[in-house]
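> Below, each chain spelled out in residue letters.
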Amino acid sequence: MNGYLDTYSHLTLTEQSILTLAAMVLVSSFALLAQSRVVATIRLFALQGFLIVVVTTLVALDTHEYHLLYSAAMTLLLKVWFIPWLLTRQARKLGILRDLDSVLHPGVVLIAAGALVIFCYSVALPIQRFAESISRDAIAISLAVVMLAMLMLVTRRKAVTQVVGFMSLENGLFFGALTATQGMPMVVELGVAFDVLIAAVVFGIFFFHIRDSIESLDVDMLNQLTEVDE
Amino acid sequence: MVDFLNPADWLFVWLQTALFVLLAPLFTGWIKWLKCHLQNRRPPSLLQPYRDLLRLTSKTVLLADNASPLFRGAPYIVCGCMVLAASVVPLLILNQPINAMADAIVLVGLFALARFFMALAGMDVGTTFGGMGSSREMTISALAEPAMLMVVFTLSMVASSTNLSTLIEYNLNQELVLRPSMLFALIALVMVGIAENARIPIDNPATHLELTMIHEAMILEYSGRHLALMELAAQLKLVIYSVLIMDLFFPWGIATEASFASLGIALVALAIKLPILGALLAVGETAVAKMRLFRVPTFLAMSFSLAMIGMLSFIILESAK
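The listed protein sequences derive, respectively, from chains V and Z. Just so we're aligned: the first sequence equals residues 1 to 230 in our numbering. Just so we're aligned: the second sequence equals residues 1 to 321 in our numbering.
Since the hints were derived computationally from the structure, they do not count as laboratory data. Honestly, I wouldn't trust all of these hints.
What the hints assert, rightly or not - Derived, one-sided and incomplete: chain V residues facing chain Z with beta-carbon distance under 8 Å:
id	residue
1	S9
2	Q16
3	L19
4	A22
5	V27
6	A112
7	G114
8	L116
9	V117
10	Y121
11	A138
12	G191
Just so it is clear, the structure is predicted and the values come from calculations on it, not from any experiment. Don't be surprised by glycine CBs; every beta carbon is placed ideally from N, CA and C.
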């Protein structure tokens, strides 16, 4: 019917699913922004990780770049199972698992998120022209995931949800590496994964320290810290 | 090409619209019947909505002393808008002369016109409930309408036309394609449909609880044939949204030319697809609890974002550069 539209319907079903799943990763980022319950945020983060694992596996099978399967397995182990488990455990220990971390103006944040996606799209256009892979159309989406995670970091007040935002940012970076260059070298990837793992553990210790010093996990209260003579 | 002066083509338009109007109470009855079964209650007969409408038309109309002509005229305008909207949506057959005259944006406009008069009528008599219902309805529709339009824009970008018939034909003719934009448009349209038709997570038309009612509060002052028209309009709106979802995203079986065989297939497809859609709605309404009124804007912001992601993912992922 229309020449320029047909390029999409001529892709194979695997390639179409890769792009559809990429769009779902973006939706999961939006959902992370809008979700206010701590436990649901952690679950959504795990879901986002899982979507990325599926995309990575599909890309690996589609392009015969089988080393991506290792990255997929590592992501599955770390971001879908271990980090959500660790965060849930810590949140339960702190007694904030079912707490609300309400976003102040959810509507405004969602509109801002939409604007960010449009911005990322226009920024990614020149990069997209040089990339060769099938998933190159998703470069804008990976950039958007990073930006939305930053927006989440800014709008949240509780330490736990901010950590989820940080981890989601790392998801975006991994996704970007996957879509732009068929994955980073294995050494880099192992290093990053290890860093994330350490970060998760260190954050866990921080939670307890923050709570001990200001008796809350609401980071806004850190603004009111003053020196007190004892 | 459609012949505007061919009376046979217009006959199909009339028949299709008549079928729509006849089907609407049955669809509502079917959802009610299924919901009763799911909640372990004895269901009313499937034909009960027809009996209710007949009973209402035979009753005397009671009007408030200070009711203006607008109050009396509004039911006819609202119901007329819905019948007109029903004639635009292809139920069985595509490429009718009316499809060339009104596209998806006109459809949204007709809904808006009906809602405008319903809200005016709600405020006309000056009771507290009416005004409250109108203000709530306008709050919801102000948020739902951009989302609905965004869905229309997404779909029309995919098929490069806002004409409903062309849209459906495009989807019918392409081979199985997994489009993220269509996926998100579908979810957003379902959410908008739930909000616009006052179904359960947003509003419950079956109760008269003053804290929660939106649609019912506006038509509380109506009686007799006016109420019957308002009820019919609500039922028509629900079935229009269902047929829209069904046609735009699952168009299999719809007739493209006016032959007995293809019309028969279209009728069978309709008889299979529409009850399934109604059943999904009934199951959803049984499983989900009504949400607080103050959470509705978030629900609709979510549907707007989904529609917007649909459009963005079409631009980012699907269009070639």
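> For each hint, tell me whether it holds in the structure or not.
So, going through the hints one by one against the coordinates:
1. S9: 5 Å, holds
2. Q16: 4 Å, holds
3. L19: 5 Å, holds
4. A22: 7 Å, holds
5. V27: OK, holds: V:V27 within 8 Å of chain Z, min 6 Å.
6. A112: 11 Å, violated
7. G114: With a minimum Cβ separation of about 5 Å from chain Z (threshold 8 Å), the hint on V:G114 holds.
8. L116: 11 Å, violated
9. V117: 5 Å, holds
10. Y121: 5 Å, holds
11. A138: Since chain Z brings a Cβ to about 7 Å from V:A138, closer than 8 Å, the hint holds.
12. G191: 30 Å, violated
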